[in-house]
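Listed below, chain by chain, are the residues.
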Amino acid sequence: MTELRGGDRGWDELRAQLREWRAAIDRILPSWWGRGVAVLAIVIGIVLPFAFSSNSGFIDATIKALSLAVMSLGLNIVVGFAGLLDLGYVAFFALGAYSLGWFGSDFFFKAHVHVGVAGVAATETGIHLNFLLILVAAAVICAIAGTIIGLPTLRLRGDYIAIVTLAFGEIIGEVAVNGTDIHLGGGMTLTAGNLGISAVDLPYFPGIGHFNLLELRPWYWLILAILFLVLFVNVRLRDSRLGRAWIALREDEVAAVSMGIPLVKTKLQAYAIGAAFGGMSGAFIGAYFTTVNASQFQFGFSVLILSMVIIGGIGSIWGAVVGGLLLGYINYWLLPDVLNNAPSKIGLNFQLTSVQFGIYGFLLVLVMVLRPQGLIPERRRKLEMTGAIAPEAGDSELAEPVPEMNIGAVE
Amino acid sequence: MSVSENGGALMEAQHLVKEFGGLVAVDDVSIDIPNHSIVSIIGPNGAGKTTVFNMLTGLYKPTAGRIALGGRNVTRMRPDQITSLGVARTFQNIRLFGAMTAVENVIVGRHARMRAGVFGSIVRAPWVRREERAVVARARELLAYVGLRESVFDQLAAQLSYGDQRRVEVARALASEPKLLLLDEPTAGMNPNESAALTQFMRKLRDELELTILLIEHDMKVVMGVSERVTVLDHGTKIAEGPPDEVRHDARVIEAYLGTAA
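Going line by line, the protein sequences match chains A and B. Residue numbering for the first sequence follows this note's numbering, starting at 212 and increasing by one per position. Residue numbering for the second sequence follows this note's numbering, starting at 208 and increasing by one per position.
Misleading hints may appear alongside valid ones.
Over the 12 Å line for every Cβ pair with chain B, so calculated as not near, a few chain A residues [unchecked claim]:
{"#": "1", "residue": "A234"}
{"#": "2", "residue": "S469"}
{"#": "3", "residue": "G471"}
{"#": "4", "residue": "F500"}
{"#": "5", "residue": "I541"}
SDA-like, lysine to any residue: derived pairs with alpha carbons at most 25 Å apart [as the list claims (entries may be wrong)]:
{"#": "6", "chain 1": "A", "residue 1": "K476", "chain 2": "B", "residue 2": "E384"}
{"#": "7", "chain 1": "A", "residue 1": "K476", "chain 2": "B", "residue 2": "V330"}
{"#": "8", "chain 1": "A", "residue 1": "K593", "chain 2": "B", "residue 2": "L266"}
{"#": "9", "chain 1": "A", "residue 1": "K476", "chain 2": "B", "residue 2": "L266"}
{"#": "10", "chain 1": "B", "residue 1": "K386", "chain 2": "A", "residue 2": "D370"}
{"#": "11", "chain 1": "B", "residue 1": "K386", "chain 2": "B", "residue 2": "L363"}
{"#": "12", "chain 1": "B", "residue 1": "K386", "chain 2": "B", "residue 2": "D414"}
{"#": "13", "chain 1": "A", "residue 1": "K476", "chain 2": "B", "residue 2": "R413"}
{"#": "14", "chain 1": "B", "residue 1": "K268", "chain 2": "B", "residue 2": "T308"}
{"#": "15", "chain 1": "A", "residue 1": "K476", "chain 2": "B", "residue 2": "R331"}
{"#": "16", "chain 1": "A", "residue 1": "K593", "chain 2": "B", "residue 2": "A463"}
{"#": "17", "chain 1": "B", "residue 1": "K268", "chain 2": "A", "residue 2": "D463"}
{"#": "18", "chain 1": "A", "residue 1": "K476", "chain 2": "B", "residue 2": "D414"}
{"#": "19", "chain 1": "A", "residue 1": "K593", "chain 2": "B", "residue 2": "D414"}
{"#": "20", "chain 1": "A", "residue 1": "K476", "chain 2": "B", "residue 2": "D234"}
{"#": "21", "chain 1": "B", "residue 1": "K268", "chain 2": "A", "residue 2": "R366"}
{"#": "22", "chain 1": "B", "residue 1": "K386", "chain 2": "A", "residue 2": "E464"}
{"#": "23", "chain 1": "A", "residue 1": "K593", "chain 2": "B", "residue 2": "V330"}
{"#": "24", "chain 1": "A", "residue 1": "K593", "chain 2": "A", "residue 2": "F269"}
{"#": "25", "chain 1": "A", "residue 1": "K476", "chain 2": "B", "residue 2": "V281"}
Here chain B is said to cover these stretches of chain A; the calculated rule only asks that three of the stretch's residues, wherever they fall, bring their Cβ under 8 Å from a Cβ of chain B [said to hold, decoys possible]:
{"#": "26", "segment": "292-304"}
{"#": "27", "segment": "429-438"}
For the record, the hints were derived by calculation from the structure and aren't laboratory data. All values reported here derive from a predicted model rather than from experimental measurement. For every residue, glycine included, the Cβ atom is placed at its ideal position computed from N, Cα and C.
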């Protein structure tokens with residue numbers, strides 16, 4: 212079992228040493244340490260914006276990174292928990308964003324619906340719901356859409372799910388572009404295509420007033436609250452009857468269904484919950500970017516979110532957060548604000564933002580080579596990947612029962 | 208010959224046929240499983256035993272035929288539905304969830320008897336907490352019942368010894384509170400002592416938990432010692448059925464299956 216190759220010996224010793232130190236540190240630290248660190252992280256998270264000006268570029272990037280982390284957590288339920296490779300997650304970004312466009316602007320100009328809004332939004336034509344209601348609507352719409360897409364899709368296995376979800380992602384993207392030709396009557400159309408639904412309502416909360424784009428702190432706290440909510444749901448689901456059912460299905464579908472786990476229903480639940488979170492984040496991004504534009508919903512976005520999950524560690528909740536924040540910061544801060552002109556300084560004639568997908572690809576390769584289980588690996592996935600357990604290897608010897616008083620073996 | 212004429216059958220399978228493409232794996236097989244009995248299916252490799260099992264548990268849909276459980280037609284039901292109606296099984300080549308502990312495996316086995324859904328799990332209402340506590344206690348109880356040492360309860364299933372894995376698989380099946388337990392070659396890979404112990408254990412299961420057991424078995428000593436009734440399959444058809452002694456002396460069985468060994 213512990214067969215060491217020569218080159219690995221140094222590493223293994225180092226790892227053993229690190230493990231020892233870690234155990235020693237664990238002994239010294241009081242039992243409330245883990246909880247204490249979590250509380251500290253939350254407090255720092257909450258007060259962070261006071262360290263920056265109210266419209267700082269860093270806070271702007273953080274808000275965007277957090278919204279991507281929410282998406283990453285949602286996709287982690289689908290890909291990580293339930294083991295369904297979803298390449299069309301952008302569909303739920305789109306539906307969430309359109310929920311905002313439909314229910315938080317004057318886009319449906321023949322309607323006059325106003326719920327919990329103030330200012331211009333309370334008198335304008337169109338449907339204007341309070342942002343919290345829009346978040347709920349986005350989650351519900353995406354969960355329903357996830358169920359409809361999932362019902363035929365999740366009967367398939369493995370790679371086929373990936374292909375069909377990819378197709379659905381593309382379909383939704385195309386519908387978004389061509390929605391200008393889908394007439395709903397009264398001159399209203401389904402989407403505004405590449406023109407975009409602009410002038411969407413800014414979130415409004417009684418007592419706080421309207422959000423605006425010069426004071427970014429409320430946006431930050433709103434997306435942070437959404438992140439905490441999604442984190443909480445992730446943790447609770449992982450350690451539940453449903454969470455165990457997902458692991459069981461991931462490991463062995465035949466055994467799982469024989470234990471009374473309904474295959475399609477259990478997978479659908481994962482898909483619908485993941486979709487709902489994608490939708491919530493989508494609605495937030497729509498509001499923050501103040502536009503819902505069909506050109507936002509590209510296949511590359513699905514890949515970006517999937518990369519976050521993989522780099523963080525498939526199935527790992529904290530991995531999804533770290534992966535999401537990491538790529539989010541790289542995407543919205545490091546490349547455009549910090550390093551964008553770095554190539555010109557060494558005499559090269561391009562900007563880093565124009566090669567960003569190449570950079571993500573390079574990072575993905577780097578992680579896959581150096582740390583295939585991800586930055587913060589999930590316990591079980593780590594076992595599956597490092598070969599500490601070998602689910603298939605055992606089968607071959609067990610498939611051949613040792614013929615002991617066994618006349619069945621006489622063919 | 209038939210014990211169950213007066214409605215004592217827990218499961219009745221009538222005229223089961225299963226075709227894979229052009230291949231007829233099971234051809235017109237009927238089996239009655241009386242309440243609180245131990246019934247065996249034997250036959251040479253490839254006779255269609257496991258295919259019958261897979262039809263009875265819903266993994267395969269029969270090409271033709273009808274399966275009734277306690278008088279209820281379950282022919283077209285999904286495996287999880289059949290499990291929740293009280294049928295549990297083990298597998299010929301142990302299929303535990305390797306990255307889960309022994310206890311977790313048994314907890315998964317209880318899935319059909321638990322109620323917590325999406326919202327219950329997120330909110331973790333008091334009844335969900337109670338359910339979680341109860342299921343862990345029950346799982347440990349069952350593992351002790353099948354004779355697993357307590358020191359390995361929280362070890363990963365993949366790291367358990369072969370014999371312990373078999374035990375966990377039985378505990379996992381029992382967790383769903385079955386009326387009918389299907390064991391697919393439970394003594395495979397066991398030595399004569401272990402097989403004898405398992406024979407005793409099957410009797411104990413039937414008497415203490417009031418189970419009915421359907422067994423696929425190669426070990427004739429186990430089959431003859433434990434079963435009230437034996438069904439013999441060969442090339443997908445039933446060639447004999449009856450009490451062990453009768454089957455042992457059946458001319459067709461000796462010819463088709465036992466060969467010169469009898």
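We went through each hint and held it up to the structure:
1. A234: holds (18 Å)
2. S469: Nearest chain B Cβ is 5 Å from A/S469, so the label is violated.
3. G471: Given a closest Cβ separation of 3 Å, the condition is violated.
4. F500: holds (29 Å)
5. I541: holds (32 Å)
6. A/K476 to B/E384: holds (22 Å)
7. A/K476 to B/V330: This hinted pair holds, its Cα atoms lying about 20 Å apart.
8. A/K593 to B/L266: At roughly 31 Å apart (the allowed maximum being 25 Å), B/L266 and A/K593 break the hint.
9. A/K476 to B/L266: holds (17 Å)
10. B/K386 to A/D370: violated (38 Å)
11. B/K386 to B/L363: Violated, at roughly 28 Å.
12. B/K386 to B/D414: Holds, because 12 Å separates the two Cα atoms, which is no more than 25 Å.
13. A/K476 to B/R413: Status violated; Cα separation ~33 Å.
14. B/K268 to B/T308: violated (32 Å)
15. A/K476 to B/R331: holds (21 Å)
16. A/K593 to B/A463: Measuring from Cα to Cα gives roughly 50 Å; hence the hint is violated.
17. B/K268 to A/D463: Measuring from Cα to Cα gives roughly 20 Å; hence the hint holds.
18. A/K476 to B/D414: violated (36 Å)
19. A/K593 to B/D414: violated (43 Å)
20. A/K476 to B/D234: violated (33 Å)
21. B/K268 to A/R366: Answer holds: B/K268 to A/R366 is near 16 Å, not above 25 Å.
22. B/K386 to A/E464: holds (23 Å)
23. A/K593 to B/V330: violated (29 Å)
24. A/K593 to A/F269: violated (34 Å)
25. A/K476 to B/V281: holds (19 Å)
26. 292-304: violated (count 0)
27. 429-438: Coverage by chain B is violated here, the residue count being 0 at a Cβ distance below 8 Å.
Violated hints, listed in ascending order, are 2, 3, 8, 10, 11, 13, 14, 16, 18, 19, 20, 23, 24, 26 and 27; each of the other numbered hints is respected by the structure.
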